[in-house]
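Engineer: Assemble chain B onto chain A, guided by the hints.
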Amino acid sequence: MAFNSIDFAVFLPIVFILYWFVAKRNLRAQNLLIVMASCFFYGMWDWRFLALILFSTLVDFGVGLGLAQTEKIHRRKLLLWMSVGVNLGFLGFFKYYNFFLDNFLDTFSLLGSPIQANSLNIILPVGISFYTFQTMSYTIDVYRKKLQPTRDFIAFSAFVSFFPQLVAGPIERASNLLPQFFKERVFDQKKAVDGLKQILWGLFKKMVIADNCAQYANTIFNNSEIASGSMLAMGAFFFAFQIYGDFSGYSDIAIGTSRLFGFDLMKNFATPYFSRNIAEFWRRWHISLSTWFRDYVYIPLGGSQVEIWPKVRNIFIIFLVSGFWHGANWTFIVWGALNAVYFLPSLFLGSNRKHLEIVAQGRVLPSFREFLSMLATFSFTTFAWVFFRAENIDHAFRFVGGIFSTSFFTVPNLYAMEGSVTLLVFIFLFLILEWRGRENEYAISELGARSTRVLRWSMYVGFILVINIFGNNSADIEFIYFQF
Amino acid sequence: MKGFIAKTLFFLGVMLAVNALLFILVKLFYIRGYEEVDLNYPTYLLADSHGMPLGDFTEDFDVHNFSDHGDSYLDMERKLKYLIANTDVSKVYISVDDHTLSPYREDFNNVDRSAYYTELEDHQGLFDFLEEKYMDYYVVFLHDKYSLVIRNFLEKELFDFSKWKSQKKTRWIELSKEAQDQKSISRANDFFPGHRRSMALTTSLKNIISLCKENGIELIGVRFPLSQSFHKVIGSKSYRADEIFYKEGLLVQDYDSLYLGQDAFFRDQDHLEREVGAKFAEILFEGTEKD
Chain A
1 MAFNSIDFAV FLPIVFILYW FVAKRNLRAQ NLLIVMASCF FYGMWDWRFL
51 ALILFSTLVD FGVGLGLAQT EKIHRRKLLL WMSVGVNLGF LGFFKYYNFF
101 LDNFLDTFSL LGSPIQANSL NIILPVGISF YTFQTMSYTI DVYRKKLQPT
151 RDFIAFSAFV SFFPQLVAGP IERASNLLPQ FFKERVFDQK KAVDGLKQIL
201 WGLFKKMVIA DNCAQYANTI FNNSEIASGS MLAMGAFFFA FQIYGDFSGY
251 SDIAIGTSRL FGFDLMKNFA TPYFSRNIAE FWRRWHISLS TWFRDYVYIP
301 LGGSQVEIWP KVRNIFIIFL VSGFWHGANW TFIVWGALNA VYFLPSLFLG
351 SNRKHLEIVA QGRVLPSFRE FLSMLATFSF TTFAWVFFRA ENIDHAFRFV
401 GGIFSTSFFT VPNLYAMEGS VTLLVFIFLF LILEWRGREN EYAISELGAR
451 STRVLRWSMY VGFILVINIF GNNSADIEFI YFQF
Chain B
1 MKGFIAKTLF FLGVMLAVNA LLFILVKLFY IRGYEEVDLN YPTYLLADSH
51 GMPLGDFTED FDVHNFSDHG DSYLDMERKL KYLIANTDVS KVYISVDDHT
101 LSPYREDFNN VDRSAYYTEL EDHQGLFDFL EEKYMDYYVV FLHDKYSLVI
151 RNFLEKELFD FSKWKSQKKT RWIELSKEAQ DQKSISRAND FFPGHRRSMA
201 LTTSLKNIIS LCKENGIELI GVRFPLSQSF HKVIGSKSYR ADEIFYKEGL
251 LVQDYDSLYL GQDAFFRDQD HLEREVGAKF AEILFEGTEK D
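Here the protein sequences line up with chains A and B, keeping their order.
Mapping the first sequence onto the UniProt record's numbering, position 157 (from 1) lands on 157, and the numbers just tick up by one.
Mapping the second sequence onto the UniProt record's numbering, position 163 (from 1) lands on 163, and the numbers just tick up by one.
Next comes chain B alone, as it looks inside the complex:
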């Protein structure tokens, strides 16, 4: 029995070493810069992937871009609390697009990564805190999303035979109208699965508004530019995050029609090209200054 226990413990040790190796991979390919934030700015931009094309261009206007792909209000709330605790933040730009209160965003978010920005008081209890911030974070084997990341990476490298063919990535402007509409419909189906908005995200957005009020932070809503095709496809579909802002008397800068008909500015149906990010940053932040 002693031998069995010793061997089992040794095997667990091997598994821990494997876990450490996998964590390094996950850190390199998935967590990446999510935990990097410059705490010396007075203004921050909190958005999902729509904020990404703005990149570092925001810094020309003394704004730090704290956005990330798939960030939800749950993640932004955590980031905001972190900023409040660690910086002298005075102004926050936050996305209030049609989809930001979608149940889709509640399902696909970054709560696993944004746990990094939490403290004990942000959790229901010590166990919840330890589990989310440390166990789920460091033990790769317990984390479904990490497995998915590694799986997607391997599948792309090993089993995606289509990549062996030479494929030129088609730009949005080069797609036919039908192809654009098809992509827009597909994205809209993801974003708008039903009529009801996510209660968890709504609560989180309201928390963000309260936090900003309590801490004297100016909060400005941003609606990012959409392509003509996507704008037409979603029509009046919206979970109306901006409405909450209006009700609270907060400013919303609505740019969703800014580049209608200028397909060359878009990477896909609802994301700007990186080069256009610089131009948009100027409009977004200088426009605000003028207002």
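Only chain A is shown next, with the shape it has when bound in the complex:
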């Protein structure tokens, strides 16, 4: 069930009413309702993979209890590796089996001894990369004694399967989300209204920005052989906004929906396209995954507390693993490597901890220098997105080659793509709203806060109309991150 579907528009109010009116003041009933609603929500895609979530839940719940009962280090390690093994095993089989097999076969072919083996027709369970990482965070935190294991299976199941963030994050830390399932929930009208506003903003990003950009990005990427350099650059530009609108839009809807049920999820995006260098970009893009890798991979490897070359190695490991997490394709690995390369100058210059605060804080406009830094970072990021979006490495290099041709200096024929000028106007308005609200939780959280109710409501109605009229309702445009 997608967030931008009629199904969800019916599902959400029903669950909301049951949650606050039928299961009210009964924590266990509310948690059970969340589990049931989550199963229904996920089952609408493919009920068969519910068994996978259940198994993962049972293993990690059991490992948590096991860790609570033993202090023996080798036994604790064994339990931890059992959890990691099961979760990564599922991920490896469903997501990476065919990739490794194909590359293995290609290597043997290159060495002159081709061997035969058939790829499996494996369906990738929606959201597997998200919920496996979330459950692993539980067992790792329990292992590190940062978190007390829970004995409440219903609450733990609700934590693993919590429908707003089950299929595409934010990847919550057990230490943040799990305790919320044990707290009595009191309806907070301000929080609920704020949640609805964030859902509205998320839908705008997804349906007006991302899905319309997808239409043009797909056309250009699918016809890259005949497109001019300037048009290819526009294709990369549209994809940059597609992926941002798509994923951050999804996160906004997830966070907003959680608020309706009294939960606070972590912020996943913080206006990343206003970053002044790549290090800042990665502090603002897919924060829940970046911090996951930081806490569970980068820091255990030594993080930044080591000499410069091990530090470089750690950076590459992080970005390559992050790239590979996105998908079983060399394009993602190159995308990760490219970002690692981008990161190196700030690492060598020691400026990777620069720009911790938001750009132009307390000012209306950025300085010229800040503007150029943002533009450069955006350009580098957009260039890397070409590898992320391309069908394969060959396609990516041909695309890049096409951009760096003389036709780059021609005027892109946007009028040939009906509606693209309208979309550029919306992207411009979107950037203005993002800039205006860059210091807030999400772009429109404070918009109209000091206005009269009539004005505020007019604004909401306006957003709904824009989403309805200019939003792309194509059923074939799913959330990009569902495939991860």
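Treat the hints as calculated values from the structure; they're not laboratory data.
For every residue, glycine included, the Cβ atom is placed at its ideal position computed from N, Cα and C.
Check before you lean on any hint, since a few could be wrong.
[Unchecked claim] Quick partial rundown of chain A residues pointing at chain B, CB under 7 angstroms, derived from the structure: (1) Phe187; (2) Gln189; (3) Ala192; (4) Thr422; (5) Val461; (6) Asn468; (7) Ile469; (8) Phe470; (9) Asn473.
[Stated by the list, open to error] Below are the DSBU-like pairs computed for lysine-lysine, each with C-alpha atoms no more than 35 angstroms apart in a straight line: (10) A:Lys183 - B:Lys7; (11) A:Lys24 - B:Lys7; (12) B:Lys2 - A:Lys183; (13) B:Lys156 - B:Lys145.
Structural biologist: Structure of chain B alone, referenced to chain A:
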């Protein structure tokens, strides 16, 4: 919580009012005369945009023009059922052009508007009936095509910068042969996306034939005139709706070559100029009378 529910309901009320306003706009700009039909005629013309240039000229021959832009056999079947239920219709002219069974026409049709002519028994069930005839029709927010209509309208008004330049509309006859051929190829590519004809439209056309037989209605197929350029471009491409008529022993009046070489008669590659509609109506209906 009570306050939240009350405010939410009030907001929904506001949205309903907005919906009503939008529906008025949609009714004015999109639905327009689609629901208008004179039920006092014995003969009706059912066609897509090819029937539009005939306008009211058909009425001189006691024929009501019940055509509309983009009408498919799905829409015509609904209209025919409505006519059977509400009139003493005895004769129907229906277009059987090369493209009328195209998958393109299945995708781009008027089923949202022709739902107006349906009854409960035309649907799979009560829910389907209520959804199509009332929910989709009145709730603008649920209707993708309505959104598209409003979007196109706004885009034309707000973002179509080309209209700010003074542009004189070029008539078909004033276009060079190459320009005519280019337009014809573009239209042909839309109309003939593949070899297979639409199964849904074929079924609907067969239903129309059966309905006419059951109700003693004379059914006559019409192939509308084409320009020389379009005629040449489509060549033998056709989904052969006329073939179904021939197999059923029904009459087909084939005028697709009637005005070949007379570019002045055409508005574009396959539509007549409005003034020529009067002339064609005479040929179409008087010719039939003579036959």
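Engineer: Next, verify each hint and record whether it holds.
Structural biologist: Evaluation of the provided hints:
| no. | hint | result |
| --- | --- | --- |
| 1 | Phe187 | holds (5 angstroms) |
| 2 | Gln189 | holds (5 angstroms) |
| 3 | Ala192 | holds (6 angstroms) |
| 4 | Thr422 | holds (5 angstroms) |
| 5 | Val461 | holds (6 angstroms) |
| 6 | Asn468 | holds (5 angstroms) |
| 7 | Ile469 | holds (5 angstroms) |
| 8 | Phe470 | holds (6 angstroms) |
| 9 | Asn473 | holds (5 angstroms) |
| 10 | A:Lys183 - B:Lys7 | holds (27 angstroms) |
| 11 | A:Lys24 - B:Lys7 | holds (20 angstroms) |
| 12 | B:Lys2 - A:Lys183 | holds (22 angstroms) |
| 13 | B:Lys156 - B:Lys145 | holds (16 angstroms) |
Checked against the numbered hints given earlier, the structure satisfies every one of them.
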